[in-house]
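Peer 1: Residue numbers (this note's numbering), protein chains in the order written: chain A, 135 to 711; chain B, 5 to 506.
If you want the footprint, here are the derived chain B segments under chain A, 3+ residues with CB under 8 angstroms:
#: 1; segment: 391-402
#: 2; segment: 426-437
#: 3; segment: 473-486
Hints are computed from structural coordinates only; laboratory data are not their basis. The structure presented is a predicted model; accordingly, all values stated were derived computationally and were not measured. For glycine and all other residues, C-beta sits at the position ideal for the given N, C-alpha and C.
One-letter residues, chain by chain:
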Amino acid sequence: MTPTPPIPPELLLPLAAGLPIACALALAAPGWRRMMSCVIPFAALPAAAAAALLPDGSRVAYDGVLLTMQLGMDPTGRLFLLFTSLLWLASGLFGVGYLSADPRRARFFFFFALAMSGNLGLILAQEMVGFYLFFALMSFSAYGLVVHTGTPEALQAGRIYLCLVVVGEISIFAAMALLAAATGDLVLIGSIQGPHGETIRYLFFIGFGIKAGALPLHVWLPPAHSTAPTPASAVLSGAMIKAGLLGWLRFLPIAETPGAFWGEFYIITGLAAAFYAVAVGATQTHPKTILAYSSISQMGLITVGVGIAGFDSAAAAARPAIALYAIHHGFAKGALFLGVAILSATSKGSRAAVIAWSGLLLAALALAGAPLTSGAVAKAGLKASLGLMPAAWQSALALLLPLAAVGTTVLMGRLLWVLRHQSTAGRLPAAIMWGSWLTLTAAVATVLFLLPTAAAARAAALAGAWAALWPVAIGGGVAAGAWMAACKGRFFNLPVVPSGDLVMLYVAGIAWGGGIVERVRAVCTGGRLAAEGIGRLRPPALLRLQKIESLLTGWHLAGLLFLLLIFAIFLKSLWGG
Amino acid sequence: MTTFDALMPLLIPLTSLIPGVIIFMLPEERRTVRTALNLGAAGVKLGLVAVMVWGVLHGHVYETRLPLLPGFQLVLAADALSVLLVALSSVLWFVTTLYAVAYLEHAPQSRSRFFGFFSLCVTSTIGIALAGNLITFLIFYEMLTLTTYPLVVHRGTPESMRAGKIYLAYTIGGGALFLAATAWLTVLVGPLDFTQGGMLGGYADRYAGQLRVIFFMLIAGLGVKAALVPLHGWLPQAMIAPAPVSALLHAVAVVKAGAFGIVRVVYDVYGIRFAAELGLLQPLALIAAVTIVYGSVMALLQDDLKKRLAFSTVSQVSYIALGAGILGPLATLGGMVHLVHQGLMKITLFFCAGNLAESTGIHSIRRMAGVGRRLPLTMGAFTLAAFGMIGVPPMAGFISKWYIGLGGVAAGESWVIAVLAASTALNAAYFLPILHLVWFKEPEPPEAGERPQRRGGLEVHWMLLLPPVLTALLALTSGLLAGAYLSPLWWTRLIVAREYQL
Numbered sequence: 135m136t137p138t139p140p141i142p143p144e145l146l147l148p149l150a151a152g153l154p155i156a157c158a159l160a161l162a163a164p165g166w167r168r169m170m171s172c173v174i175p176f177a178a179l180p181a182a183a184a185a186a187l188l189p190d191g192s193r194v195a196y197d198g199v200l201l202t203m204q205l206g207m208d209p210t211g212r213l214f215l216l217f218t219s220l221l222w223l224a225s226g227l228f229g230v231g232y233l234s235a236d237p238r239r240a241r242f243f244f245f246f247a248l249a250m251s252g253n254l255g256l257i258l259a260q261e262m263v264g265f266y267l268f269f270a271l272m273s274f275s276a277y278g279l280v281v282h283t284g285t286p287e288a289l290q291a292g293r294i295y296l297c298l299v300v301v302g303e304i305s306i307f308a309a310m311a312l313l314a315a316a317t318g319d320l321v322l323i324g325s326i327q328g329p330h331g332e333t334i335r336y337l338f339f340i341g342f343g344i345k346a347g348a349l350p351l352h353v354w355l356p357p358a359h360s361t362a363p364t365p366a367s368a369v370l371s372g373a374m375i376k377a378g379l380l381g382w383l384r385f386l387p388i389a390e391t392p393g394a395f396w397g398e399f400y401i402i403t404g405l406a407a408a409f410y411a412v413a414v415g416a417t418q419t420h421p422k423t424i425l426a427y428s429s430i431s432q433m434g435l436i437t438v439g440v441g442i443a444g445f446d447s448a449a450a451a452a453r454p455a456i457a458l459y460a461i462h463h464g465f466a467k468g469a470l471f472l473g474v475a476i477l478s479a480t481s482k483g484s485r486a487a488v489i490a491w492s493g494l495l496l497a498a499l500a501l502a503g504a505p506l507t508s509g510a511v512a513k514a515g516l517k518a519s520l521g522l523m524p525a526a527w528q529s530a531l532a533l534l535l536p537l538a539a540v541g542t543t544v545l546m547g548r549l550l551w552v553l554r555h556q557s558t559a560g561r562l563p564a565a566i567m568w569g570s571w572l573t574l575t576a577a578v579a580t581v582l583f584l585l586p587t588a589a590a591a592r593a594a595a596l597a598g599a600w601a602a603l604w605p606v607a608i609g610g611g612v613a614a615g616a617w618m619a620a621c622k623g624r625f626f627n628l629p630v631v632p633s634g635d636l637v638m639l640y641v642a643g644i645a646w647g648g649g650i651v652e653r654v655r656a657v658c659t660g661g662r663l664a665a666e667g668i669g670r671l672r673p674p675a676l677l678r679l680q681k682i683e684s685l686l687t688g689w690h691l692a693g694l695l696f697l698l699l700i701f702a703i704f705l706k707s708l709w710g711g
Numbered sequence: 005m006t007t008f009d010a011l012m013p014l015l016i017p018l019t020s021l022i023p024g025v026i027i028f029m030l031p032e033e034r035r036t037v038r039t040a041l042n043l044g045a046a047g048v049k050l051g052l053v054a055v056m057v058w059g060v061l062h063g064h065v066y067e068t069r070l071p072l073l074p075g076f077q078l079v080l081a082a083d084a085l086s087v088l089l090v091a092l093s094s095v096l097w098f099v100t101t102l103y104a105v106a107y108l109e110h111a112p113q114s115r116s117r118f119f120g121f122f123s124l125c126v127t128s129t130i131g132i133a134l135a136g137n138l139i140t141f142l143i144f145y146e147m148l149t150l151t152t153y154p155l156v157v158h159r160g161t162p163e164s165m166r167a168g169k170i171y172l173a174y175t176i177g178g179g180a181l182f183l184a185a186t187a188w189l190t191v192l193v194g195p196l197d198f199t200q201g202g203m204l205g206g207y208a209d210r211y212a213g214q215l216r217v218i219f220f221m222l223i224a225g226l227g228v229k230a231a232l233v234p235l236h237g238w239l240p241q242a243m244i245a246p247a248p249v250s251a252l253l254h255a256v257a258v259v260k261a262g263a264f265g266i267v268r269v270v271y272d273v274y275g276i277r278f279a280a281e282l283g284l285l286q287p288l289a290l291i292a293a294v295t296i297v298y299g300s301v302m303a304l305l306q307d308d309l310k311k312r313l314a315f316s317t318v319s320q321v322s323y324i325a326l327g328a329g330i331l332g333p334l335a336t337l338g339g340m341v342h343l344v345h346q347g348l349m350k351i352t353l354f355f356c357a358g359n360l361a362e363s364t365g366i367h368s369i370r371r372m373a374g375v376g377r378r379l380p381l382t383m384g385a386f387t388l389a390a391f392g393m394i395g396v397p398p399m400a401g402f403i404s405k406w407y408i409g410l411g412g413v414a415a416g417e418s419w420v421i422a423v424l425a426a427s428t429a430l431n432a433a434y435f436l437p438i439l440h441l442v443w444f445k446e447p448e449p450p451e452a453g454e455r456p457q458r459r460g461g462l463e464v465h466w467m468l469l470l471p472p473v474l475t476a477l478l479a480l481t482s483g484l485l486a487g488a489y490l491s492p493l494w495w496t497r498l499i500v501a502r503e504y505q506l
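Make a model of the complete structure from these sequences and hints.
Peer 2: Structural data, given as structure tokens:
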């Protein structure tokens, strides 16, 4: 019945996931560097085409690849693919201009392309191993983006990032292996059964929560998102962060909840992130760090959505709402990151600065959920799914969600305040940067109003326009009050929480845990390697280990041990046999 | 065709034995003849192995029996498991020969001696792979010890002589134990051929106690070469050997012979179900788990690149023993396929370490800053292999880890997942900082004993460059195309189906 798509899925699906890798490889060839750097953003086009053209249920399977890799299109995947591919395209084009004078541009685009491939591929993957492959590709490649500038802050951010990536990879691997062993299958949305069901759910929460910036696993996110070059920040915060969310949607079964515990678990951690990140973010002085904290807060709200989907009576309504929220946040956050860079390149009071300010204001209002913006539609969608929940949660969330919106508005106010002196540089952004930023801003303004899937949420948003106004009004009022107070110098200075907040706590805890863990961390956090590091950091337990090791090398001892072992086994067998 | 089939298992070891003997007799300066002989023999062997792979798939029975002593026969036979190791060693022998020619042809030491023993070493490995009973296995196992010693001490320096002494003490001790166990077993049940599914099941009532002791003697004897903790002490010492030797030692020859022996003993002597009945598997799995974690922790503490890789071998080879120590087809699959996967990844890493030492004079990890710019292809290969060791898809290491993990859970031994998680974390902790140094740090000016950058041309001689690139690509494709026809995983599925009579 479905009309045949103009491009066969057999061609488009592998192209969407694989073209960026091919471009990255071409980039590695010395003669092609210059040209390929400009071509790589367009490698996201097949994915965008796939989102637009392929019908649901199109699928290709490769028996020979890994354990039968399958790529395909499904309703959730389409929505994710839509904003992810456009974000990579726009950020990539922005990067062509942003990095035009950077001598390491080729290296940046190499990792950019690999991470892009991972991000697009994991959306298309329809079984576990393929998903894990692309997830790993994205996570490890993004390291190259985080440390690109090579500043001490970037290297530090990279270390924290990499440690958490490894923890996440291990958690997901363990969860998948437990799951696949229990079900004997590699399908994504199956069921979580068997004696290890609870363990699997915790592992998935950790594994994907790290990527999604769930509390308290978010510590890598503010330093990494703020020190990466702006085009990378945009995709990190707009697109890659959603891979964790998609992981939850893909792996947590829809129609199977072991009581309400898991739904409540996600709702509570989500709410905690939403408020906590606003509080910490409001103390930040760097615009990109504020945006990173805002991402944690927004992902917290989406995590609440995942929790709502965990109450199985509400699952069906919450899933599309989550995807719409992801679209909204992806575009808005991307536009904000790029906008900050645009603004810093304009000169104060110029027409360019005015345009930059208006665009930023639009995206900020959308994020806060002001009426008639994409944020209002996304939030209305989320609220509509509340109607199916237990009454107690309904009333609690009906109060808390608008409160979170107040928080977001305040945080956006703080962002604009920090930005007020940002217009400094004389060199205007290149046309390609303006173009890509304006495109993203236009996407913020329009996409949720054009998308057929969002029709119900739109209607709800229009009906509840007044209700959506008061959180923004209150938040705006608070922000305006703070502005005025600050202008008159009657404003106390907030203590600045270090970017990555809890990370210091973790490091301290690890140091306190001491011993081997400390050594592992030191190596894990790179730089100072063995020889010099060991001298200073080697704890007594490890010294002993090394001594034992060198003793073992003397073959007399090894021989003796060996004989003893055999003798013991012999005695044991005489006794037990 | 039948005579040919009967001769095949003899022909394949001969393709390296005969050239080996001829090379011994060649004068030092006959470089071209020696190289032609080396590469020619490796090529012929590859061809024969290809025929054998085809034949085993199509139901040919390759078996040679030679009378050895009254009542004992030298049996060379090719079953699916033998072919796995034979194919791996012939492919890797070919690339290593290429590498060794470029690496050592200008060295002052005797090359005739080196390449002669090199060929004999491969002959022994092939013999081990094709051995059809314990006696034959033992003969080649001992021969391997003797032929690798001259390779380990090749440089002739005091350190390498010392390492050689340690190596001999360990391996001869292990060999003696293995001999004793084999003799004991033969006294009990007579000389029996390796049989898929095991051959001792019928003796359970009479000899259960003795069979338990013999099992651990066999495992301890093999564990020396397989570097099970605490019998691994020789391996990090032996890394003093030239790079191609280390590469071969760690990937196919010595270490793999031990691991392969363990697999043979568990599956084709005792039979995995019988071994499980006797309660022998759990101790084996535990030793393997301890080795995996211990080897990785020690690797983390090394600054010398080759030493770190050596400890990493200690850890990784025990994946094979771990797979063998868990009852169930999935774990078997993961363990056995790691025979090949570990070989491909580890040989790549050693080739790369050799290239690094050869072209820059750098041996220590902390001096590796920025070498990615000088040796992009070498370090690209290194990066792929390192990710494979961590177990990141699509590299081959992921496939092994996945099946061992699944097998562990399926057998009710979920702690295996924790061991794999620890191993992954440790592997990441000792490989990722290297990768960071290599690709993201600015290069530092050369210190004493290091060489500045060459101008123009390839980063290293093509014969040094091709082997790591090739093996890295093999490690990539055997993971990425794991489901494809004739991939290592595909072939191992065949073996597993036969072992478990599925």
